[in-house]
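Based on these hints, arrange chain B on the given structure of chain A.
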Amino acid sequence: MHIFEAIWTSFIASAGFGILFNVPKKAVIPGGICGMIGWLIYEGMSGNNQFDLVLATALASFVVATISHLYARMYRMPVIIFSVSGIIPLVPGGGAYDTMRQLVENDYNEAIQLGSQTFLISGAIAFGLVLAGTILPIILRSTRTVK
Amino acid sequence: MTQNKIEDVMEVCLLAGKLMLENGAETYRVEDTITRLAKNYGMSAAQVFVTPTAIILSLFEKGRTMDYTKIVRIVDRSTDLHVVVLVNDLSRKVASESLSLETARKELKKIEKTPEAYSAWVQILAAILVSGCFALMFQGSWSDFMPAMVAGGAGYTVFLAVKRYISVRFFSELLAAFVIGLVAKVAITTGVGSQLDKIIIGAVMPLVPGVLITNAVRDLMAGHLVSGISLGAEAMLTAFAIGTGIAFVIVTL
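Which chain is which? The protein sequence lines are A and B, in order.
Just so we're aligned, residue 1 is where the first sequence starts under full-length UniProt numbering, counting upward by one.
Just so we're aligned, residue 1 is where the second sequence starts under full-length UniProt numbering, counting upward by one.
One or more hints might be untrue.
What the hints assert, rightly or not - In silico DSBU-like links for lysine-lysine, alpha-carbon gap of 35 Å or less: (1) LYS113/B / LYS26/A; (2) LYS163/B / LYS25/A; (3) LYS62/B / LYS109/B; (4) LYS185/B / LYS109/B; (5) LYS26/A / LYS109/B; (6) LYS39/B / LYS113/B; (7) LYS25/A / LYS109/B; (8) LYS26/A / LYS163/B; (9) LYS25/A / LYS93/B; (10) LYS39/B / LYS70/B; (11) LYS163/B / LYS5/B; (12) LYS110/B / LYS25/A; (13) LYS70/B / LYS163/B; (14) LYS113/B / LYS25/A; (15) LYS26/A / LYS106/B; (16) LYS18/B / LYS25/A; (17) LYS62/B / LYS106/B; (18) LYS185/B / LYS113/B; (19) LYS163/B / LYS185/B; (20) LYS110/B / LYS26/A; (21) LYS25/A / LYS39/B; (22) LYS62/B / LYS25/A; (23) LYS62/B / LYS93/B; (24) LYS62/B / LYS26/A; (25) LYS109/B / LYS5/B; (26) LYS185/B / LYS26/A.
In short, the hints are calculated from the structure, not lab data.
For reference, chain A alone in the conformation it holds in the complex (with noise of 0.2 Å):
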């Protein structure tokens, strides 16, 4: 994928979604540029084949949660109206899809196949957000303390 449309679709997708979640105005806008780091980092791990999903999946969302973190200090909001659309080009729509798809067409190995590296990759941005989630905040309360 051309890296320019990757940024500008993933941008547009991000801040439609912090539309569709109905976040604050100006929430939309940083809301847009989360997704659209963490697509890239996403993009470029997992573009050629070099790394595991769910090993680029997990990054990018610990990126993301990280930014998220930064701006809801700066913005004195809440985490979640920034990795929510930060975080939604990395769910797994289109594997979610795909299971339900060879469910239907009674391919069922297929779709557990499908359906474990659908459930292993929302783990995995869980899992991002999780450890950015408690790794952060022991970093800025010792960097505040060193001061």
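Frame of chain A, contents of chain B only:
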């Protein structure tokens, strides 16, 4: 600090929690906000148990022999993060400016009545853009861009309209997915689009419970086992409804 009556504290805490939970806040945030509010209003202990369908809150005040416990049922859940921000701001204000209980209650009542941040038209427009972009992001070709936008827009319009008039759960998703499948099929047969899968995936994205799945796994990891499992079940059912709607088109037509 004037003595707050335990009943009033209970009402404010539960109202705040209910508003947050109904509008898509995470379980831990709801529990956090409620305990913080209770502490700020002079309760010596607060035990709260939050699940996606109910909040149980138990408050204890010094000088009493018994806890005061109340339960509140959550029936509707949607994602309106604007409200979550407002309630969060309020709880922060209570901590920093020691807002009186009565003002907090009035503010919460006002928040309860605020309309959604964006009108239905803006949301449909957003759904149209999201659908088109996702079709491209999942390696669809440019010829799939327009059909995905049309299908996504039509699907989301149906979703909103059905949700407003029929209160059967998952029915709006099913019907919306059916419309999306129909539009995508028409686009392929008339030769406007090239890949059926990409169009459908893009158009279905505004309906997919991706955030629900992720929140479910996250709740499980954080030890909120009950809410994790129930959110996961809800996500599965939603995905199943969407899948059924699409499958109906693919198999029968």
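Checked hints:
1. LYS113/B / LYS26/A: holds, 21 Å
2. LYS163/B / LYS25/A: holds, 24 Å
3. LYS62/B / LYS109/B: holds, 29 Å
4. LYS185/B / LYS109/B: Measuring from Cα to Cα gives roughly 47 Å; hence the hint is violated.
5. LYS26/A / LYS109/B: holds, 24 Å
6. LYS39/B / LYS113/B: holds, 26 Å
7. LYS25/A / LYS109/B: holds, 22 Å
8. LYS26/A / LYS163/B: holds, 28 Å
9. LYS25/A / LYS93/B: holds, 21 Å
10. LYS39/B / LYS70/B: The hint holds at about 17 Å.
11. LYS163/B / LYS5/B: Distance of about 40 Å is beyond 35 Å: violated.
12. LYS110/B / LYS25/A: OK: LYS110/B and LYS25/A at ~19 Å, within 35 Å.
13. LYS70/B / LYS163/B: The given pair, whose Cα atoms are some 31 Å apart, holds under the 35 Å limit.
14. LYS113/B / LYS25/A: Between LYS113/B and LYS25/A the Cα gap is close to 19 Å, so the pair holds against 35 Å.
15. LYS26/A / LYS106/B: holds, 25 Å
16. LYS18/B / LYS25/A: The given pair, whose Cα atoms are some 23 Å apart, holds under the 35 Å limit.
17. LYS62/B / LYS106/B: Given pair LYS62/B, LYS106/B holds - Cα atoms ~27 Å apart, limit 35 Å.
18. LYS185/B / LYS113/B: Violated. LYS185/B to LYS113/B sits at ~41 Å, over the 35 Å cutoff.
19. LYS163/B / LYS185/B: holds, 24 Å
20. LYS110/B / LYS26/A: holds, 21 Å
21. LYS25/A / LYS39/B: Given pair LYS25/A, LYS39/B holds - Cα atoms ~32 Å apart, limit 35 Å.
22. LYS62/B / LYS25/A: violated, 43 Å
23. LYS62/B / LYS93/B: holds, 25 Å
24. LYS62/B / LYS26/A: violated, 43 Å
25. LYS109/B / LYS5/B: Status holds; Cα separation ~19 Å.
26. LYS185/B / LYS26/A: violated, 38 Å
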